[in-house]
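Dock chains B and C against chain A, hints included.
Each chain, letter by letter, is given below.
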Amino acid sequence: MKEKNDYEHSKRYGMVIDLDKCTGCGSCMIGCYTENNVPFKADETNKLDSINWIQVYKLTNGKPYPETEISYLPMPCMQCDGEGKLGHSPCVSVCPAVATDYDYSTGIVSQIYTRCFGCRYCMAACPYHARKFNWWDPVWPADMEKYLSPDVSPRMRGVVEKCSFCFHRYQLARNKAYYENRQTEELGEDEYQTACAEACPTGAITFGDLNNKSHAVYQLKNSPNAFRLLERLETNPKVYYLSSKKWVRRQGDNYLANEEPGLIKKIDKQHH
Amino acid sequence: MKIDRRNFLTYTTAAVLGGAAGSMLTPAPWKLMDDVSIWTQNWPWTPVPEAGPVTHKQSACTLCPGGCGINVRFVGTRPVKIEGLKDHPVNKGSLCPMGLSGLQYVYGPDRVGSPLKREGKRGEGKWKKITWNEALTAVTDKLASLRKSENPQSLACITGSSRGTLPSLIGRFLTVYGSPNLLRPATVQDANEQALFLTQGKQGTLGFDIENADFILSFGSGILDGWGSPGRMFRLFGTRKSEQRIIQIEPRLSNTAAKASRWIGINPGTEGALALGLAHVIIKESLYNKNFIEKFTFGFNDWTDDAGITHTGFATLVEAYSPEKVSQITGIPKPLIESLAREFAASPRPLAINGRGQGTLPGSIDESLAMQSLNALTGNINQIGGIYIVPEQTYAKWPDLGMDATASKGMQQPRIDGAGSDQFPNTRSLLNRLPGLINSVKGDSPVQALLVVDANPMYTLPDTAATRKAFDKIPFIVSFSSYMDETAAYADYILPDHANLERYQDIPTPAGMAHQTITLATPVIEPLYDTKHTGDALIHIAKSLGGFVEEAFPWDDYETFLADTLQDHWSDLKEKGVIEISPDSKDSAVLSFNTASAKYEFCPAAATRQGSKDSNAPSAYTPAAIEGDEKRFSLLLVPYDSIRLSGEQIANSPFMTKTVEATVLKKQMTLVEINPKTAKTLALKEGSKAVLTTPKGKASVIVHLYEGIMPGLIALPRGLGHTAYSEFLAGKGTNTNDLIGSVEDPASGFDMAWGIRAQLSKA
Amino acid sequence: MNETPLIPAGVKRCSKWQFSLWMGAVTAVLIWGIYAMFLIWYKGLNQTNMNDAYGFALWIWADLAVIALGGGAFFSGFLTYIIGKDDLKNIINFAVIIGFICYSSALLILAIDIGQPLRGWFIFWHANVHSMLTEVAFCLSCYFAVLTIEFIPLILENPRLAKKPFLHHLSHNMHGVMAVFAATGVFLSFFHQGSLGGVAGVLYGRPFAYREHVFIWPWTFFLFTWSAAACGPCFTILVTWMTEKITRKKLVKQEVIWLFAKISGWMIITYITAKTIDTLYWALVTAPSKGFTLMDFYSSPTYNIGLLFIEIVLCGFVPGLILITRRGRENSFFLMSAVILAVIGVSLNRWVMVLQVMAVPLFSFNDWYTYMPSWQEVATTVLPVAYGLIVISLAYRYLPVFPQEQELNPID
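Residue numbers (the working numbering), protein chains in the order written: chain A, 1 to 272; chain B, 273 to 1035; chain C, 1036 to 1447.
To be clear, the hints were calculated from the coordinates, so they are not data collected in a lab.
DEER-style ranges, computed between Cβ atoms:
| id | chain 1 | residue 1 | chain 2 | residue 2 | range |
| --- | --- | --- | --- | --- | --- |
| 1 | A | Asn-222 | B | Lys-961 | 46 to 52 Å |
| 2 | A | Gly-62 | B | Gly-715 | 56 to 62 Å |
| 3 | A | Leu-256 | B | Lys-952 | 28 to 34 Å |
The beta-carbon is built from N, C-alpha and C at its ideal position, and this holds for glycine as well.
Pulled out of the complex, with its shape left as it was, chain A reads as follows:
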């Protein structure tokens, strides 16, 4: 947290996930596993003991047949800007050993596995359950170690991990730009994309710099159908969702019986 926060002018990578397009196929999860050397166990049915950097939740409107509707909601790390957008995400401020940090040049919350000593305070702090603990030693059976990517180091038992917005891809793109004598500030939208965004077969996930007007996410996030998860906690997530369904938008946050999602947002905006 040494660098100064230049909220308006630095890059702020973010994501817009169109839930109308999400079919719940799970490709984003698998794209992420293969990109980030995520391990697997024989039994992964306990989802609270299953490492997923992006997890697809199933939402239902709760109405009886045949009025029932469902919507899927993929949840990666929200890369929160934190209260007051100062970079104090719920997790970064609590980590006792600076094993997770907020990068002011990209807005990405990092996780240093070799620094983490597994106190799990960050997990207690994260309202999205985006952080996963390595309860087990990772094991790749048969010859599966051979397909591991060198871009992301496999984690050891006893540390916390989470979605990094494929930060290694940002580093690779930046290195490439550097070798080509280009300014890293001018990285193209397609030069840095997350694995889940690329894997999504319906193109429901859009990724880019939320501060960059030429990036698709810049416009998308201003849609009237856009919402963020648990916005009222003031975590300031950089993952936005789009849904044409009101009941889905409502499930993205908590509202009192007399409150309407849209209205609350306006009040919040005036407040700041």
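Frame of chain A; chains B and C shown alone:
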């Protein structure tokens, strides 16, 4: 100072404590502390992937018949990731969970690493590693002895599909060997092809121009659950125009239903009645395409043949399917049926599509005909946004076969499964009938040797118990599987094929595509283990058999055969990986039909409908009876498909299973979906352990309450309940095929079961 | 050579045989705990029933609870050395021992609780000063050192050790400066007890725990310090009473207990009043601003509104009122009931601030998270209890813990 026992202890303690305190002042403990933490950061059992230059190689996914293009990322010589190939005409960059986890199949624990010979009892899992020479000799000897005993037709071969050059090579092998028994599972494509042949008189597959349709009426097709080529379907959904409407008709709120513009619940198995009901409204309200009906169709109205016999026309036929009646059958409100019919007919480019779930079961010919009739009513035959006939892949002609007497005699024997017989003249293969037929024979099995290629019938065939019983009667089973699947585990010999990415495979037009493509999967890595391409293995066996069999295979290996077969496409395919063949767009060709009337025949006259008492009976709706006594089994069990689970010959990867929701699989048990209302009558709660019973078997399951399923139904996911494979799949949940049998369509012999009667009771 | 006895002069202790039997039993439990501890260190935290929703569970509760209960040490030190309540000198030794046990246990549990125990020192080396846990770790370690220093002179008073002139003088001199350490202890305790409150209170992603504005600083910090100061003495009284029952001896004069109880009572009353204000503001302002009603947090069968009643009324106001009234605290049944309720109250508060924080679902599409500790977690949580019993037994047997014991139990 005197040192005695007491003060010795005191001084020693003091020295130890002092020493300990003193050593804290030296760097040693601090260095040690640091070293220990560095060790935890580099535990030797945590792998460190080797770095290297990054390259990409293009190929195609062969894990399902979808034929998606893939881009494999390499680090050095190691492939590290599979991504969708952006400029492939089928999937345009989109890939399903199975394709994305393709590397797990290559490197995973399910691979068979060398030829194996069974040591213990069948299925016991005791194997002996043998050399390829021993394996090929063993198979050749057995095959030679069958021919010697003038019994070549007792050799059967089960393949995963009939499409592509490998099945053709196997077909050629069987022909020259003397056996007509090349079997494969039928899918909805087969039923549609047959309906297509009856109505248009042409051989070809049915393509759906979903890209350009603006009103898609899906009769339970899981277009977002793995139907057709998943890569294509996802891409189409993601890029569809906002005006495109998708209406999903099925009793369960599937992912497709959830994403559809509208979901309409329907009593299971009554889709055909709904199609005829819609036709009723369209005709009654005169909403059909009159130009097309008048000029290009036959059998719309009643007609009289040369002998003066009057036949019922389609319009008359559907008179019986009034919205009231159809509402009763389907459970869909009458006004909804009417408005749906009007919307369908009013749309510029409406399209009805069929094949429940992933379309892996054919269903009845009646159903296929009903759907096609609906498309014909709006004139959407070989039109943009409609259904297309996609011609069969043509290959270069191979050298003529010489056939000895044994082979000729063998080839004159009827097929075991009855396909192509007088009963089912238009049907090509009826694998679903095989277990029953073998089991019904007293004495020796008509199949004395079975070769299984790219198939896993022990898992995928309905009624697993019957299949196992039939296989027990087959004295010699050879599996060519790359993986230790159920059939391989039950075989006598395993002659493992290369895995995906390791082998050549040509992929003809994937199911549902509206125009022709040929994709070539080229090997991008060297085979990891002691495996052999099945094409090579068969060529080797053919050559060892000698005589005409040997002569029929002048090729050195499969690659030469493939190059020869694909002829002028070969170099293109090697270079580009895929070629597209644009449909003939000239109207004359488009609207030419090879039927007796040279028109689209609503009520096929020339090709009579087999199995029906009235050989001139037109397409109708015969309710597909399913198994089970209504009193004993008050509920209906319907299997459902999910893109995160594979019910086909290539099973789930560990990653796919990892994504399976906790509402589908919990520890080793499957969750069945039932409506809370139904659960209440059965005194079952969320998470209750229950026993699911059908006429075919029993399974322990967990109850999951789901509002999105019609009351009275139990939904069970396909793709679980494997008994073979490694701990990442084996023993997880229930195989739907253990509980559901096959129901024969009297017209085609195809399996038309959409479920089975069942009971659910507290465990 | 005439051996100086190990047992202090003028007091009676049970036979060696009886003592060994007792110690053997407790050691068996200790070994069970140690076995579980090594199992966890060897195999990892998969031996627990914690999960990604319950990153903090039984152990963190145990940590928070023992630190609160060990609060008797700093608060009696504060009263004795700073306020000058000399009467409390008669119980402070025991308070220090209990504090020492509690704090060493807390450190041990932390060492088991972390996924990479061998890197545990990173909390000091790579410290993030913004983290409450860093603050807790520093203060906890420092205060543990202080408690050790406070404990040492008492150990040196063992007759055989006291025979050595050096140790005797060391002990004497340490006693002389003990006020300084007591003050340091109080200072450190104010910090880390408060920080422990902050551990949950600063979690703005967890609306059940989160307190805003003045209610996080200094209110929550104050509440934790205050509750430890209020209920720690109750725990000291409880353990003293238990020791008296087991040894069948009066060890501390009842007036001392009453004084301690009275002070504790007023502390509880003030604490629970402040806690009530905090709860009201949180329930009426903070939670609704995040879209939650109070009942949203108490909608599970386990975590129902009864819990709040138990914590604030039954285990807060009730014991407080008993202890501040003379008739209440001087009736031994009421006194002990109040003391037990207060101990339960503060433990429940720590439970709620750890476990319920984890249990509350934040999305309507998630259900309440449930958790049941594994036997390994239970064993390692019982471990400090066995360890504490051993330390207390040894201290009682060999050290002059209770200055009034001789007077109250003259040997014929």
